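Assemble the dimeric complex from its two separately framed chains, guided by the hints.
Now for the letters of each chain:
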Amino acid sequence: MSVLLIAIFFSLLISSRPALVANGFRFLTGSKWDPVTDTFQSLPFVIGTLLTSLVALVIATVLSLALAILMGEYFRTGPFASIMRTAVELLAGIPSVVYGFIGLFFFVPAVRLLQEAVGAPPYGVGILTSSLLLAFMILPYSASIGREMVTLVPSDLKEAALSLGATPSETVWKVTLPYARSGILGGVLLSLGRALGETMAVTMVIGNSNTLTFDILGPGNTMASLIANEFSEASGNVYLGSLIEIALLLFAISTVINIAGKIVVNRMAAV
Amino acid sequence: MEKNRASQDRLGSGVAARVRGDFAFRALVLALSLIATIPLILILVFIIVRGASSINWHFITELPKPIGEPGGGISNAIVGTLILVLIATVISVPLGIIAGIFLSERGKSRLGTVARISVETLMGVPSIVLGIVAYVWIVRPMGHFSALSGGISLAMIMLPVITLSTEETLLMIPVSLREAALALGVSYSRTIMRVILPAGMSGIVTGVLLAVARGAGETAPLLFTAFGNPFMTMNILKPMASLPHTIFYYATSPYPEWQTLAWGASFVLLAIVLTLNIVTKLVTSRWKVQF
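Respectively, the protein sequence lines represent chains A and B. Residue numbering for the first sequence follows the numbering used here, starting at 1 and increasing by one per position. Residue numbering for the second sequence follows the numbering used here, starting at 1001 and increasing by one per position.
So here's chain B without its partners, still in its complex pose (with noise of 0.2 Å):
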């Protein structure tokens, strides 16, 4: 009996440490979870009410002016960020999709297998190696800095992102679609026209967005390849100025006046990139690939 007792007490004791040990557990991961989130969010509360406070109307439509006047604004750089990933778009999107349809479609081939590993590889190849080459192709022979090479090598960047998203959209695709329209005679080239394309078209568009949304945001590659420019200029064989490379600038520079215009810039940077996010967001979920 007394020993029933004592098992049953040491057990009962057990029972409580371990009851103890789940909710010191439970605990350790929220509070975890916490320091890795609230300083984050604090951060971008931050920034938000920092960047808010220094922009205005002449903000974004002046040029930055020197240093010790006061005012200037960044809209060279605004317009430059536009004009680079308008150039990576143009030739980062036709190549992706192509390249998705082929991976998604042939996928399975010899080809298809070399043709995924390096799109993979591509991604993750570090956007600062893409400037590199974009300098060696373009910047050597030119013998100048042009917004052309910064936006080759955007393209570079965007481009496995198209291509992936373009192949996993497609093959969510079922093929009675595909039968469908091959059963009524419908060329093979034109099924994936006018259906397999358009079937996909809200995967490929959230592709898409979400590769403008990393370009946007890149500053290494554009180091040297669109270095930068204090003024206006709409000429893409010249250097270019671009948000990030400004806010780089300004907040590495010592002068108070200048980070204020970094901050003022990171708001108008964060405020494109999240927005193509959440848009991005509300596609995939409004506008989803259903069958």
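Just chain A, same shape as in the assembly (with noise of 0.2 Å):
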């Protein structure tokens, strides 16, 4: 196995040689990417990724956490808590080319209408787009994630909570959401991994434009959507090089994040 990560980890490296030697560290901190004058900079890929990943975070939180605490504190057992739990699993099943076309049909009109209400120019397509679909993608996962950390609150705080006289709000605020926070948080890590690597839906509605922008009404790109859009393509050694070096960096990143939130679930679920 760790063979196995270690041979994938080197025959990207070695695969990349050529752009790494070419692109130099220009790769990172520049803006440019044009197969053309073979210039291949990853900058606006990696503020793509990150911009996309992070708005659907903020708004996979917020839902998520309503789930975590509707099933994790309200509806424990019962009819309805099978019915809701059953529900978000089935929806982590579903590939996520079938999220993307989904996307296609719903999101990208009911984004372009957004956009035309606020004057954007109307491409329906973008990161916002993107980060809608993302964020109901990752939602299952830190859902459930963070149900766990709901349920694994002693209950004796939560009644020495009620029985000071705390509303169950009051205690779910102030005893249940500050308990499990670093649970909570690590789940979301977790859930920002697979953010980072989701291919396809992303690329199905991003509108993929090469350039480095931060207007997330705009069309963007992500680095695993340029690496789909591009590798099967791409001609020539520093080409495909700098594209194996896109998926280097994506490797690394996502890989410390999902270490990082695998300590904190860790830690919590070892309290």
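Please note that the accuracy of each hint is not assured.
[Stated by the list, open to error] Part of the chain A face toward chain B, derived, beta carbon under 10 Å:
#: 1; residue: L90
#: 2; residue: V97
#: 3; residue: G100
#: 4; residue: G207
#: 5; residue: S209
#: 6; residue: L212
#: 7; residue: A224
Since the hints were derived computationally from the structure, they do not count as laboratory data. Here the structure is a predicted model, which means the values were calculated and not measured. Don't be surprised by glycine CBs; every beta carbon is placed ideally from N, CA and C.
In structure tokens form, the structure reads like this:
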């Protein structure tokens, strides 16, 4: 297993060598991606990836917190709880390409309306669209981790708060959430890892524009969707190598975030 | 007396506000949860309705037709997905189970710790990165896309799922079973093969099914490994169609006929994946490891 992992790392490293040499350090800091002139710089995609994931994360965190409280606190047992839990589990199983298709059909027109309302160019596709879609895709994961963390809160703590006269909501706010905070944070980090690497759905709705942008209403591109779009058409060692270099970068970023998330969740579970 | 009254009033209105706050908070939580789940459930229903209406016998048994001609099916993609998943399963199941046994037996050793960290890292590697690895390993040396490389990339995705679930299951098996076998003079390897593995079979099967469900739905690594193929092929050294790739290809096309095909293909894929998930749930609940 570890041999496999090391093999993966080194084969990525070796195959991106032509690009590593040709692009140099500017690969990380520059914002120009132009295959015609063999200029390959990754900043627009790193920013695009982080932007889509973070916006998605904000949406998903709010919604999954609500779901976690609902499933872990208000409806722990009973038919409603099991329906909710099954629904969330099934949603986690839907393949990402199907989510992308759904995004094309439902989210793109919805965002187009929004763009028209605020006076932005009505592309429909773009960073906001992919963030919305991603938020719904990672929701099942963060919600189920959140639910587990909420149920891990010892009931004597909650009972103590209730017996002092706190309302159930105050108990949730002031006892349950602070106690489960780090675990929920870990769940969020783990979902961030998923959002970063998510390819298909994002590729289908992001609009694929290779320029550096912070405008969430406009089109953008992420590292994964760039690879998906250009890899099979890439010609030349440096072009191909640069895409593999992007993959290497994505591998590194998502690994760091995953390990951080694991450490936080494990620490919470051990307490 | 007056003062007391006033403070009581204040207390009373404070409690009323807090009770209102409690109610508002519950309503907010419920509303947000509904926002989160209702659209997704509606969408699921939509796919089922839309997909089921475009499905018929021809759809499952015929090859895709050129654009402009009505009809056409996705038989090549269905067969392709089955073959790809089969290749991936053949590779990942033995490796994954062996690694899982190792982790549960020797997980505390230094090598075990390194291995566990590796498996967990592998679990978090984006699937498109694994696709590139399969490309570098297989497609580039061979010079063309092939189903074999697609299967290998799917195997790398499935491997950690199988390993971790095998390990978790085997760790739940009580020490007394193992001690009983060893006390009867059974050798270590036979104890594992004949006692530990059969006892944990349901958990292992669950892990394999989950991994298959995950592998079947993956698209990203297939873009540049199995690639896709409009014809029926059984040759694993040739490019091969798959359901997710077909959906991607048809869904992003501008032709309404092809988009209808994509709905149908989504329905078939969803049916396969969700059935696997539900079977998994049944296996875990009916056939649980219990001691």
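Verification of the hints:
1. L90: 6 Å, holds
2. V97: 4 Å, holds
3. G100: 7 Å, holds
4. G207: Since the shortest Cβ distance to chain B is 12 Å, the answer is violated.
5. S209: Constraint on A/S209 not satisfied, violated at 16 Å.
6. L212: At about 22 Å, which exceeds the 10 Å cut-off, the nearest Cβ of chain B leaves the hint on A/L212 violated.
7. A224: Hint on A/A224: holds, closest Cβ of chain B at ~5 Å, below 10 Å.
Hint compliance for this structure: hints 4, 5, 6 are not met, and every other hint is.
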